[in-house]
Amino acid sequence: MKQKIRIGCGAGFSGDRIEPAVVLAEQGKLDYLVLECLAERTIGLAQKRKMLDATKGYDPLLEKRITTLLPHLVKNNTRLITNMGAANPIEAAKKIIAIATLQNVQIKVAAITGDDVLSFIEANKSSITDLENNKPLSEYNIISANAYLGAAPIVDALAAGAQIIITGRVADPSLFLAPLIHEFGWATDDYNLMGKGTVTGHLLECAGQITGGYFADGVKKIVDNLDKLGHPFADVFADGTAVVGKVEGTGGVINLQTAKEQLLYEVMNPYEYITPDVIADFTTVYLEEIGKDMVQVSGGSGAAKPAGYKASIGYKAFYLGEGEISYAGAAAYERAQLAAAIIEKRLKPFFSDIRIDFIGVQSMHKTTFSNTSKPYEVRLRVAAKAQTAEAAALVGGEVEALYTNGPAGGGGARKYVNEVIGIVSTLIDRNLIVPQVKIFES
Amino acid sequence: MKLYEIAHSRAGDKGNTLMLSLIPYNEANYTILRTTVTAQKVKDHLKEIVQGEVIRYELPNISSLLFVCYNTLSGGVTTSLALDTHGKSLSYALLEMEIELMEL
Numbered sequence: 006m007k008q009k010i011r012i013g014c015g016a017g018f019s020g021d022r023i024e025p026a027v028v029l030a031e032q033g034k035l036d037y038l039v040l041e042c043l044a045e046r047t048i049g050l051a052q053k054r055k056m057l058d059a060t061k062g063y064d065p066l067l068e069k070r071i072t073t074l075l076p077h078l079v080k081n082n083t084r085l086i087t088n089m090g091a092a093n094p095i096e097a098a099k100k101i102i103a104i105a106t107l108q109n110v111q112i113k114v115a116a117i118t119g120d121d122v123l124s125f126i127e128a129n130k131s132s133i134t135d136l137e138n139n140k141p142l143s144e145y146n147i148i149s150a151n152a153y154l155g156a157a158p159i160v161d162a163l164a165a166g167a168q169i170i171i172t173g174r175v176a177d178p179s180l181f182l183a184p185l186i187h188e189f190g191w192a193t194d195d196y197n198l199m200g201k202g203t204v205t206g207h208l209l210e211c212a213g214q215i216t217g218g219y220f221a222d223g224v225k226k227i228v229d230n231l232d233k234l235g236h237p238f239a240d241v242f243a244d245g246t247a248v249v250g251k252v253e254g255t256g257g258v259i260n261l262q263t264a265k266e267q268l269l270y271e272v273m274n275p276y277e278y279i280t281p282d283v284i285a286d287f288t289t290v291y292l293e294e295i296g297k298d299m300v301q302v303s304g305g306s307g308a309a310k311p312a313g314y315k316a317s318i319g320y321k322a323f324y325l326g327e328g329e330i331s332y333a334g335a336a337a338y339e340r341a342q343l344a345a346a347i348i349e350k351r352l353k354p355f356f357s358d359i360r361i362d363f364i365g366v367q368s369m370h371k372t373t374f375s376n377t378s379k380p381y382e383v384r385l386r387v388a389a390k391a392q393t394a395e396a397a398a399l400v401g402g403e404v405e406a407l408y409t410n411g412p413a414g415g416g417g418a419r420k421y422v423n424e425v426i427g428i429v430s431t432l433i434d435r436n437l438i439v440p441q442v443k444i445f446e447s
Numbered sequence: 170m171k172l173y174e175i176a177h178s179r180a181g182d183k184g185n186t187l188m189l190s191l192i193p194y195n196e197a198n199y200t201i202l203r204t205t206v207t208a209q210k211v212k213d214h215l216k217e218i219v220q221g222e223v224i225r226y227e228l229p230n231i232s233s234l235l236f237v238c239y240n241t242l243s244g245g246v247t248t249s250l251a252l253d254t255h256g257k258s259l260s261y262a263l264l265e266m267e268i269e270l271m272e273l
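The listed protein sequences correspond, in order, to chains A and B. According to this note's numbering, the first sequence is numbered sequentially starting from 6. According to this note's numbering, the second sequence is numbered sequentially starting from 170.
Honestly, the hints are just simulated from the structure, not real lab data. Every value quoted in this text rests on a predicted model; they were computed, and no experiment measured them. Think of the CB as a built atom: it goes at the ideal place given N, C-alpha and C, for glycine as much as any other residue. Each hint should be verified, as a subset may be incorrect.
Unchecked claim - Computed list of lysine to aspartate or glutamate pairs in DMTMM-like fashion (alpha-carbon distance at most 25 Å, straight line):
#, chain 1, residue 1, chain 2, residue 2
1, A, K371, B, E267
2, A, K34, A, E188
3, B, K257, A, E45
4, A, K233, A, E24
5, A, K226, B, E222
6, A, K310, B, E267
7, A, K390, B, E265
8, A, K350, A, E339
9, A, K225, B, E265
10, A, K34, A, D240
11, A, K7, A, E31
Stated by the list, open to error - Computed Cβ-Cβ distance ranges for the label pairs, DEER-style:
#, chain 1, residue 1, chain 2, residue 2, range
12, B, A197, A, Q111, 53 to 59 Å
13, A, E395, B, E269, 53 to 59 Å
14, B, E222, A, N423, 48 to 54 Å
15, B, D253, A, R435, 32 to 38 Å
16, A, L57, B, K183, 25 to 31 Å
17, A, A406, B, E269, 47 to 53 Å
18, A, S131, B, A197, 54 to 60 Å
19, A, Q111, B, K183, 57 to 63 Å
20, A, Q111, B, E222, 36 to 42 Å
21, A, A192, B, S258, 39 to 45 Å
22, B, E217, A, G416, 28 to 34 Å
23, A, K443, B, A197, 51 to 57 Å
24, B, D213, A, S124, 43 to 49 Å
25, A, S132, B, G221, 25 to 31 Å
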């Protein structure tokens, strides 16, 4: 049994940069590379692509990522765990096999399914309510429903010898916990170890967010070479202690400040961080800087896993119409306000929900906390909800028409229409979820 | 002075809930933050943004506070008309809070 496992995280969201993952795969001396690419809403969008084409529905960057990374993974004997399967892990696995065949590489790929509970939800939507609004799911125009799986099926896939494991919806930290269970033979009812592994997974899962991304402010938090920001890895020991680091020569920083910010990121209750594997306690964690760009993570604990699986349900919410136009120089704000008054009158008969923001004055926080400096330029933003794409287009159309039908000197008009997928969640009985592992070989 | 002078923060979101960490640059200032920046003070400061309850968690092991703010993001990340649908910029709204120098 190994004494130490090195796990890198090369992506923290579906649109993440590819270069840092390549650096990790090439120079990181990794045992495992994890790519976390599946935000709550990403899977709803993927499900939509699958409905249009049954061979799609996995991460749009999968081909580019695998093509680039595979030679390094093979050369360095690094196994890859990723949720890039999104709504279609089986087709994603087939795609990876096709890429491997092209590169003349022999690999074993495992696709993990069982997270897709759309048919169950569809059949029972009148009797199941969501956690957010306590409404029956039949009131939503549902397009996707996925339960968060835990580490177990990934551990099975690793035991089966797969070098690449491709999943759909899995709790993010479970992607990292699985190789620890596999390599160290951790008992999955040793909840303190499950808690420790979950802490490490949580610290890594957003990739650049622990190495200085979403952190630097250029004034009090100076971070060097952000342009070549490195993504993190952790050396994890059999007792669950971990040291978070990054490849030498990459940009960014790992210190107590970045680690603390990431430990608490998106945590609703630090005493009870719930995954399908464990209820982890983050309040028992200790962090210590033990070298340059090296933070040791110790402590961490956990309690028995929850009885139900959380499932997130994507639904068609509305079409978002947006338009923007800028004013600069004398009376810029006054002209933007005039434009806002005009546009509100023009759009009001057609939309019940209109939002107008003055970018550069007050668009982000609904207040400016008594900061009152006069801006040289202001960008007007108008947004409204509509039931169809055609209706939503009216918003940007009216903003654009301010060029010749509005205040003086408007410039840089842009218009957008996007379909908005909403997300609600519910709990599903553990016994109803049966994860499956399917192996493909090139 | 502003909280920004002595502390940093990161915003996170889950549905309609906003989480804001508050971390002193100097760990010796943790006690001052704990005494000064109460859940009620955060709720008052963010009254335009936070409609629901604010719960504060203390993490003495890492000298940090965590504020969990409910009913915040006008329908949550997925269905809001706001520019910053996630509320990712709200860490800097927290750091705008004025605290008395005498308290230091």
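Hint-by-hint comparison with the structure:
With a CA separation close to 18 Å, the supplied pair A/K371 and B/E267 stays within the 25 Å bound. A C-alpha spacing of about 16 Å is found between A/K34 and A/E188, which places the hinted pair at or below 25 Å, so the restraint holds. The suggested pairing of B/K257 with A/E45 holds, with an alpha-carbon distance near 16 Å, which does not exceed 25 Å. At most 25 Å may separate the alpha-carbon atoms for a hinted pair to count; A/K233 and A/E24 meet this at roughly 8 Å.
As the CA atoms of A/K226 and B/E222 are separated by approximately 30 Å, the hinted pair breaks the 25 Å bound. Taken as a hint, the A/K310 and B/E267 pair is broken in the structure, with Cα atoms around 41 Å apart against an allowance of 25 Å. Restraint check: the Cα-Cα separation between A/K390 and B/E265 comes to about 32 Å, which exceeds 25 Å; the hinted pair is violated. Distance hint between A/K350 and A/E339 is fulfilled; the C-alpha atoms sit about 17 Å from each other, no more than 25 Å.
For a cut-off of 25 Å, the pair hint linking A/K225 to B/E265 stands: about 15 Å separates their Cα positions. In summary, the hint linking A/K34 to A/D240 is supported, as the alpha carbons are separated by about 11 Å, within the 25 Å threshold. With a C-alpha separation of about 21 Å, the suggested pairing of A/K7 with A/E31 holds against the 25 Å cut-off. About 58 Å separates the C-beta atoms of B/A197 and A/Q111, a value consistent with the hinted range of 53 to 59 Å.
Range check, A/E395 to B/E269: Cβ separation about 55 Å, and the 53 to 59 Å hint holds. Between B/E222 and A/N423 the C-beta distance comes to about 32 Å, which lies outside the given range of 48 to 54 Å. In this structure, B/D253 and A/R435 meet the distance hint of 32 to 38 Å, their C-beta atoms being roughly 36 Å apart. A beta carbon spacing of about 30 Å between A/L57 and B/K183 agrees with the range 25 to 31 Å that was offered as a hint.
Checking the proposed 47 to 53 Å range against A/A406 and B/E269 shows it holds: the Cβ atoms sit about 51 Å from each other. A hinted range of 54 to 60 Å for the beta carbons of A/S131 and B/A197 is consistent with their spacing of about 57 Å. Checked against the hint of 57 to 63 Å, the pair A/Q111 and B/K183 fails, with Cβ atoms roughly 42 Å apart. The beta-carbon spacing between A/Q111 and B/E222, approximately 56 Å, falls outside the hinted interval of 36 to 42 Å.
Here the CB-CB span from A/A192 to B/S258 is close to 43 Å, well matched to the stated 39 to 45 Å. Taken as a hint, the range 28 to 34 Å holds for the pair B/E217 and A/G416, whose Cβ atoms sit roughly 30 Å apart. Between A/K443 and B/A197 the CB atoms are about 55 Å apart, so this pair conforms to the stated range of 51 to 57 Å. Evaluation of the 43 to 49 Å hint for B/D213 and A/S124 yields a pass: the beta carbon distance comes to about 48 Å.
For the pair A/S132 and B/G221, the supplied restraint of 25 to 31 Å holds, since their beta-carbon distance comes to about 28 Å.
Comparing the model with each numbered hint stated earlier shows that hints 5, 6, 7, 14, 19, 20 do not hold.
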